[in-house]
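Single-letter residue listing:
Protein chains: 2
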Amino acid sequence: MKYDKFFSEDVGSFMRSPVREIFKKVDLASIYSFAGGYPDAATFPIDDIRRISAQVLEKQGAKSLQYGATQGVPELRQVIARRYGVPVENVQITTSSQQGIDVCTRVLADPGDVILTTSPTYLGALQSFRAYRADVRTLEDFAFDRPVKFCYVIPDFQNPSGETMTLAQRQALVALAREHEFLIVEDSPYRELRYSGESVPTIYSLAPERTLHLGSFSKIFAPGFRLGWILGPVELLDQIYVCKQSLDLCPPIFDQYIAAEFMGSGALDANLQKSIALYRAKRDKMLSLLEQYMPQGVSWTHPEGGLFLFLTLPEGFDTVALYDRALSAGVAYVAGSFFFVDGSHRNTMRLNFSFLDASRMEAGIRLLAEVIGG
Amino acid sequence: MKYDKFFSEDVGSFMRSPVREIFKKVDLASIYSFAGGYPDAATFPIDDIRRISAQVLEKQGAKSLQYGATQGVPELRQVIARRYGVPVENVQITTSSQQGIDVCTRVLADPGDVILTTSPTYLGALQSFRAYRADVRTLEDFAFDRPVKFCYVIPDFQNPSGETMTLAQRQALVALAREHEFLIVEDSPYRELRYSGESVPTIYSLAPERTLHLGSFSKIFAPGFRLGWILGPVELLDQIYVCKQSLDLCPPIFDQYIAAEFMGSGALDANLQKSIALYRAKRDKMLSLLEQYMPQGVSWTHPEGGLFLFLTLPEGFDTVALYDRALSAGVAYVAGSFFFVDGSHRNTMRLNFSFLDASRMEAGIRLLAEVIGG
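Sequence order for the protein chains is A and B.
Those letters in the first sequence? Residues 1 to 374, per our numbering, in order.
Those letters in the second sequence? Residues 1 to 374, per our numbering, in order.
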């Protein structure tokens, strides 16, 4: 039987995640992987989760297993609202921050509508924008000759570049958004993972009337929980709420109570301090390994936080073509061109520094340097 | 600031769930509610979940908290595949069965495409179909003068009617689908909750080449877990898999391991037997209360399973208009017309019989009969 005629037009614009395709081909444990955005499993608060799970079943009982409100359970919305200092009605819980991106795009963009983004940018966001057949344009190049629905940015420790927008850059973006009347989607999964330098105000705090701020538990608690949140104006959240009814009725309830207790009791902050110390050491290790092993002509970013840095090889290198050789040698990365709106910058790659432990990191970087060195 | 110009065209077709709007207005505990599709909290296997949660953290450790495969964790796909006797590659895990409906619609239907359904039908499905601006038509009335993408049915203990399609009806639908070349989405959240009568084969078993079968843990385990599954041809599941990458990357991992252990170890079947006994008694109680209290001229369906039955009042009654009086009197239902594609049948209502315990059920039905009796 042929199925082609049954598919919607959107399907023609679906992108397969090259990251997820890599993980279908190889067993993560068998290679040195700098490819995914996986947190270090050592940061997962297993003992807290064991204790809190039992406590939630004891305290909330059946309520933690029943259907719940589409906006999220009140306890979780409250602890997030308190953390940011915003009213509860400005908080919508999402079933992962990826769902946050998807639902914002769904509610805001029709096929052909302009969405701006920096380039490079997060792959999963490009997937969502393209799946709705939006016209994805690069912020720096856009002439503002057509209306823009929103601009998508990751201001803190960007994925994939690792770079952070300065306050002046954030203010300039807000001014541009006010001038040309577009919204800003501020994706902020790494913000709490700062290892050096000074914190910069969120775009949401600079322009709460036109910003949807996406938060995530994936990098500060555990990605297996698939929980995130959106902060934004109630007028926008109200339509996101109605959309979410048809997406999945409500976020997972048991998980939300666990996350609420983890965040509300202070366990998250205690765990975060340990994670930051661990990741700071890993970032420093990564930077010194690159210094030690990479051939001349290779450069890289120096992130103040997050999980990634971005490597630029000399002109003429093609990291997509190089990829199979790297994989055969036992080391994985994500080719940088996948993160660019136009697929350019074939001489770049994204490297994750959160996942591997120090000795595997060294072995992996040595191998990668050999592959690059030729 | 005005937000209207930012919204996508889809937003104009969003429907607010009247069920969820009811729950925003009133505290469930303060009234006799026959409105929601809530399972009885007494069926929630709290002790199993406490034991299995700890066991999963012990056995799977960090794996249960890390990112996982978009198709679902292998252990859960395997136990579901075994339960149905199908290969694992025909199983996709979803973050709730509502997501199953949403993602099938997304992958199959463009604005204006014809989706067939029985009328009445599940409200959440109507919400999804309308949110994609599909042309929703009633199966019985459709002339087949245009191509159809798929027909959506709930063959077992339908929501809202409580009725079950006979084998002959299922075979006729399959023959029609083969003749007019459309797919079938078989929504099956209640199938395992049969209290009397004989099981009828699934449509998926009759036409695996053109059926997407949606299953759910919500009514047989706990709705707070937001886990469901889709069985279907690999060609369709492959596009659903790519779409799901941009929806939420993967279903909740910790929850999936808990569900896999609950189903795989036999605990689900043990719990199901108790749930069936409880719900059978509730259905029987509900039927006898209706017999005892309802005024003449009121009729209702006699479901062999599931959570709902459907009441028809004499012509001229309007259950939407009656609703505020019922709520003031302390009893809630869902007006039947919300489930009809054309909003007709204003003299009907859906009643849930799984949620209230026997004594509250009696008080509620007595009140409802008074409201109807006038």
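Be aware that a few hints might be false.
[Stated by the list, open to error] Computed cross-link-like contacts, DSS-like style, restricted to lysine-lysine with a CA-CA straight-line distance of at most 25 Å:
(1) B:Lys285 <-> B:Lys274
(2) A:Lys274 <-> B:Lys63
(3) B:Lys2 <-> A:Lys63
(4) A:Lys274 <-> A:Lys285
Hints in this document: simulated from the structure, not taken from any laboratory.
For each hint, the structure was consulted:
no.: 1; hint: B:Lys285 <-> B:Lys274; in the structure: 17 Å, holds
no.: 2; hint: A:Lys274 <-> B:Lys63; in the structure: 20 Å, holds
no.: 3; hint: B:Lys2 <-> A:Lys63; in the structure: 38 Å, violated
no.: 4; hint: A:Lys274 <-> A:Lys285; in the structure: 17 Å, holds
In summary, the structure is inconsistent with hint 3 from the numbered list given earlier, while agreeing with all the others.
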